[in-house]
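Colleague: What follows is each chain in one-letter form.
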Amino acid sequence: MLTLKINGRAHTADVDPDTPLLWVLRDALGMTGTKFGCGVALCGACTVHLDGIPRRACVMPASAAVGHSITTIEAIGDTAVGKKVQQAWLDLEVIQCGYCQSGQIMAAAALLAKIPSPTDQDIDQALSGNICRCGTYPRIRAAIHRAATLPSHPSAPKGA
Amino acid sequence: MTAMANKNRVSRREFLITGAATGGGLLLAWQLDALPRVVKSVAAAAKTASPVFAPNGFIRIGKDGRVTLIMCQVEMGQGTYTSMPMLLAEELEVGLDQVTLEHAPPNDKLYANPIFGDQETGASTSVRVFYEPLRRAGATARTMLVAAAAQTWKVDPASCRARRGVVTHAATGRKLSYGALAEKAAALPVPDPKKLALKDPKDFKLIGTPAKRLDTPAKVNGKAQYGMDVRLPGMKFATVAASPVVGGKVVDVDDGKAKAIQGVRQIVRLDDVVAVVADDMWAAKRGLSALVIRWDDGPNGKVSTADVVQGLAEASQTSGVIVRNEGDAVAALSSAVAPAKIESIYEVPFLAHAAMEPINCTVHVQPDRCEVWTGSQVLTRAQGGAARVTGLPLDKVEVHNHYLGGGFGRRLEFDYVTQAVRIAQKVEGPVQIIWTREEDIRHDVYRPYYYDRLSAVVGTDGRPNAWMHRIVGPAILARYAPPAFQKGIDPDGVDGAEQLLYDIPSIRVEFVRHEEPVLNTGFWRGVGVTHNNFVIESFIDELASAAKADPVAFRRALLAKSPRATAVLDVATKAAGWGSPLPAGRGRGVSVLYSGWGSYLAEVAEVSVSKTGEVRVHRVVCAVDCGTVVNPDTVKAQIEGGIVFGISGALWGEVTLENGRVAQSNFHDVRALRINETPAIEVHLVRNGEKPGGIGEPGTAVTGAALANAVFAVTGKRIRKLPLENQLRSALA
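Chains as they are written, first to last, in our numbering: chain A, 723 to 882; chain B, 16 to 748.
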């Protein structure tokens with residue numbers, strides 16, 4: 723029995739401790755927003771945050787995540803940066819099939835948390851591990867730049 | 016969520032005004048939380064709401080005023096779940112913010128794609144074929160609702176007007192909502208289709224104006240459900256190993272170690288596939304790798320790609336069925352000699368789809384019924400497949416469709432559905448069958464290998480006067496849609512070649528059907544045109560080079576009779592700065608596309624090539640005339656994405672066979688373009704009121720030749736065989 727802190731809540735799962743976090747999230751806990759794409763950390767579809775750092779859940783044993791704070795796509799909108807990324811994604815109509823976008827959004831949110839105004843090179847470096855077969859890359863790049871310009875505390879009235 | 020979204024019966028504009036007054040926060044909350052619509056299967060929806068007014072298969076309106084639109088075309092990224100509602104809503108006179116969407120169930124009678132005769136989403140057809148039928152469906156419903164209001168008020172329907180789900184009698188200002196009218200409208204006769212009035216395009220409020228996509232809000236927060244996200248009580252997970260060779264069989268299985276793995280529940284052994292059923296996918300995967308399976312490879316166990324190419328090359332020596340014949344190309348070619356006569360052979364490889372969502376299907380077989388949950392481009396075919404396997408009648412097979420994590424033609428096949436049903440027959444309760452990425456790559460239904468012979472004669476005036484194109488490959492449609500395969504011609508295999516727009520006095524196009532059943536082959540994004548456009552637009556470039564002409568000027572002179580092609584060529588080349596100086600080491604290539612999709616495209620690619628043959632694509636400019644546009648931003652997005660898909664395919668895409676087995680397995684050797692490799696992409700729409708053309712695939716199809724021609728411009732090497740980088744490496748060595 724493993725106890726994992728996911729999106730601020732403790733979850734227990736009766737799985738082999740070597741089970742990759744991806745399958746614990748999806749199959750044991752029913753949190754299907756994190757996607758299976760390749761199983762070997764080549765595509766980034768399974769990207770989650772471990773203490774804010776983007777990690778590939780398909781190759782991370784669940785036991786290695788014990789004691790850390792895990793954030794998934796289901797809760798990224800609860801963070802200021804995540805909310806900005808989601809908004810920018812919708813504003814610029816980034817998404818096509820959407821299957822890889824959980825991972826793209828998680829990677830973008832981690833980048834913006836670390837570098838609030840990333841350059842194109844920063845984006846290349848942070849997102850080059852995330853494949854999108856629909857080819858939404860030009861819009862992903864534009865949306866990250868846009869997210870960087872959105873107000874940090876959108877709930878506060880303008881000028882307050 | 017659905018109900019909440021619908022209670023917020025405010026227009027976007029009204030909300031924006033309110034939102035501005037109360038601060039940006041509320042606005043953000045609205046956009047993120049209120050817009051997502053839960054898309055349900057019809058069965059699920061029928062349990063929660065009983066529509067009162069359902070004049071056709073596409074529209075349901077309840078007493079509560081809820082407007083539900085049924086999506087017969089599936090959403091795999093191409094934006095149909097916005098463009099189809101736009102067509103319906105335009106004529107129904109409701110706002111997109113007022114509708115809820117539902118996946119259609121399989122039903123050819125209600126939802127057949129007129130081009131195919133069954134319920135299919137593919138070949139860039141959705142807007143083309145449903146442009147009028149969905150508008151008519153909307154207009155039918157609106158006419159009945161207006162008639163119901165007019166009857167209530169005892170006035171002339173012509174004196175009433177519908178807008179945003181409300182009918183108003185202009186003279187008296189009386190109003191009735193669609194919900195209030197639904198019951199009465201349902202009792203009225205369906206209007207005569209011949210007398211149905213469709214809107215004048217100048218009055219369109221939705222069609223042609225960028226609309227926010229309806230599916231995407233649920234795709235930024237993990238809520239959108241793909242086939243793989245189905246979760247059912249008691250559901251188990253399974254993963255499979257099918258015969259690594261087409262036609263191979265299981266000889267025996269040692270499952271001792273697999274059964275000992277925690278979480279593994281069952282090993283299912285069928286003729287050609289073994290499945291491990293477990294509590295989760297990880298246990299299933301571990302179980303699968305612990306199996307020792309002995310295969311009988313059958314007749315294809317020694318086949319390699321070279322064998323396939325040899326077969327195609329031999330077939331190319333025979334003349335094929337004539338697809339198009341004008342003038343006398345044979346005579347012109349037989350009397351000509353080099354350098355006026357130019358002959359080339361082009362080859363394109365097998366390709367895998369590698370959609371981001373690996374193949375999966377969830378099935379629950381019970382004695383008297385079968386339920387299937389998946390993402391499919393062909394729902395009725397999937398249903399039929401499940402019915403054949405189980406022996407159940409169609410009405411006992413329920414198929415629930417989901418968002419597709421990419422289709423690209425792969426999900427036009429239902430091999431994975433029948434396989435899943437066969438496995439599920441042996442399993443108690445529902446089971447989700449997931450292919451690993453390796454299984455997905457190695458058991459794809461691949462874009463065929465094609466082998467083309469081209470020859471032409473360039474006259475002393477620098478214009479070609481004869482063109483001969485012999486296409487050699489399998490006839491996918493002979494398998495997929497036999498009635499479409501007539502007189503030995505596969506209309507898909509010759510698409511784009513048959514319609515060659517260039518004004519050449521003698522043109523002969525032939526098709527040689529040659530099947531190599533060592534790999535299953537089918538449709539890949541851009542279908543026949545992706546192959547033909549690469550070949551034609553590379554060869555026309557060869558002719559331009561032979562005539563010492565500028566590639567754009569050469570094409571333009573041959574397109575004088577095609578104003579739409581000329582227009583896109585002019586727009587693309589001007590925007591790309593064709594002819595203007597480039598940094599050292601860069602070159603531009605152009606290509607033009609026209610095919611059965613009815614769209615015209617021209618593209619200019621700008622590339623550089625390293626000493627070792629690595630191609631860097633710096634910029635791609637594409638001009639598109641797809642006639643009437645429904646959602647302009649979607650058109651642009653489809654072209655952008657199509658170009659990215661086309662770059663991956665042309666630079667690196669290749670599936671090879673060794674001992675009957677596919678050599679590639681995952682994204683390390685099925686290379687996909689990444690963000691750091693993606694060029695600047697510009698899409699320019701040439702707008703007009705012509706019939707809508709296809710848009711999901713042309714961007715992919717037009718890209719290969721533009722890249723190859725740019726590579727020629729910068730290296731002087733003419734690459735006639737894809738993928739480009741492989742060939743460049745040997746050409747530059």
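Please keep in mind that the hints were generated in silico from the structure rather than gathered at the bench.
Treat the hints with caution; some may be incorrect.
Partner residues aside, some chain A positions facing chain B, computed with beta carbon under 8 Å [as the list claims (entries may be wrong)]:
| id | residue |
| --- | --- |
| 1 | ASP749 |
| 2 | ALA767 |
| 3 | GLN823 |
| 4 | ILE827 |
| 5 | CYS856 |
We put the CB at the ideal spot given by N, CA and C, even for glycine.
Colleague: Please go over all the hints and tell whether each is borne out by the structure.
Modeller: Here is what the structure says about each hint:
1. ASP749: 4 Å, holds
2. ALA767: Because about 6 Å separates A:ALA767 from the closest Cβ in chain B, which is inside the 8 Å limit, the hint holds.
3. GLN823: With a closest approach of 6 Å, the A:GLN823 hint holds.
4. ILE827: 6 Å, holds
5. CYS856: Holds. Min distance 5 Å.
Checked against the numbered hints given earlier, the structure satisfies every one of them.
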